[in-house]
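Quick mapping for you: the protein sequence lines, in order, are chains G and B. The working numbering applies: residue 1 is where the first sequence begins, and numbers increase by one. The working numbering applies: residue 1 is where the second sequence begins, and numbers increase by one.
Hints are supplied without guarantee of correctness; some may be wrong.
[To be verified] Partial selection, computed: residues in chain G whose CB lies under 7 Å from chain B: (1) A44; (2) V63; (3) A67; (4) F70; (5) S80; (6) T84; (7) H85; (8) T87.
[Said to hold, decoys possible] Selected chain G positions facing chain B (Cβ under 10 Å, derived; list incomplete): (9) L17; (10) V61; (11) F64.
[Said to hold, decoys possible] With beta-carbon atoms standing in for the labels, derived distance ranges: (12) B:A127 / G:D82: 39 to 47 Å; (13) B:P178 / G:T84: 50 to 58 Å; (14) B:L158 / G:L28: 34 to 42 Å; (15) G:Y83 / B:R175: 49 to 57 Å; (16) G:P27 / B:P178: 52 to 60 Å; (17) B:R92 / G:P30: 50 to 58 Å; (18) B:D131 / G:M1: 46 to 54 Å; (19) G:A11 / B:A127: 37 to 45 Å.
In case anyone wonders, no lab produced these hints; they're calculated from the structure. Just so you know, even glycine gets a beta-carbon here, dropped at the ideal spot from N, CA and C.
Okay, here's what each chain looks like letter by letter:
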Amino acid sequence: MSTGTIWRCWAALMLLLALTTGLAFVPLGPAQLGVSLAIACTKALLVLLLFMELKASSGLVRVFACAGFFWLLIMIALTSADYTHRTDQRVPVDEVR
Amino acid sequence: MADEALTFQYAEPAQQREAVTLGMWAFLATEVLFFGALVAAYFNYRIWFGEEFIAAARMTKVAFGTINTGVLLTSSACMAMAVKTYEEGSRRAPVLWLSATALLGLAFIGIKSVEYWLEYQEHLVPAINFDLQRHGGVAEIFFIFYFCATGIHAVHLLIGISLVTWLAWWIGTGRIDPASSTTRLIGLYWHFVDIVWIFLFPLIYLAGRSG
């Protein structure tokens, strides 16, 4: 990786940081979470591919790197699917309200 | 030890290099799930409590969070420079870049400490001085998540700072094998801690800012 790539990547990360912070103050309604997570994913991809050198790594290393995030997706998707579709409105944490 | 040029079980340096990288990624995959469980909890709280939970997120200090994100992203760029200069055979440049990385890491911890102090003064620290009457139960749940997530992240960062400092010392005193993968592996760990923060930042600091 060249010095130029490292600092261009840094500049892109800084621009994305400014963008996500700026957009957080714009009323986007329910799209807010999606927009900020999409920008976070873009930043994470830049770090993964360039700083963590996945772009230049072998297929096996990339599979290992993807495995953790893939299982994370399953964990978040299935638990969220459960709690979004519960018809029983009373959940134990209601006690704290 | 990755410090050895080539240990007996490997046929060639490239094979050893891939094996140690793979081992580091296997460890990082467990770390993804470790922090991922916290993030999954965050999403479930958001589904359960909706607006009340997001309103609690508005009590965090967005200026501190944004500056700290910039500090950490810059430290990652310095770490990448350290790995690059080290692998090109330089011995002075990586020590300087690693020192910059460690100093930026310490700056992050310093800024975070000031933030914790301000939150302590606002009675926002659960189990120590949380003001339930003033802030409410949902805010307490948010701040339990906040202190767990940022606290565990800070512990990871402190481990990273120690590793980077040790590495700079060893490279500076010439006690490390020039062919070793240690610098690159510590780099991977440092960038991972950065990625965790990239996701914590919008969830904690940016939620509900336009509301």
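Exercise. Can you give the numbers of the hints that this structure goes against, from lowest to highest?
Worked result: 2, 4, 7, 8, 12
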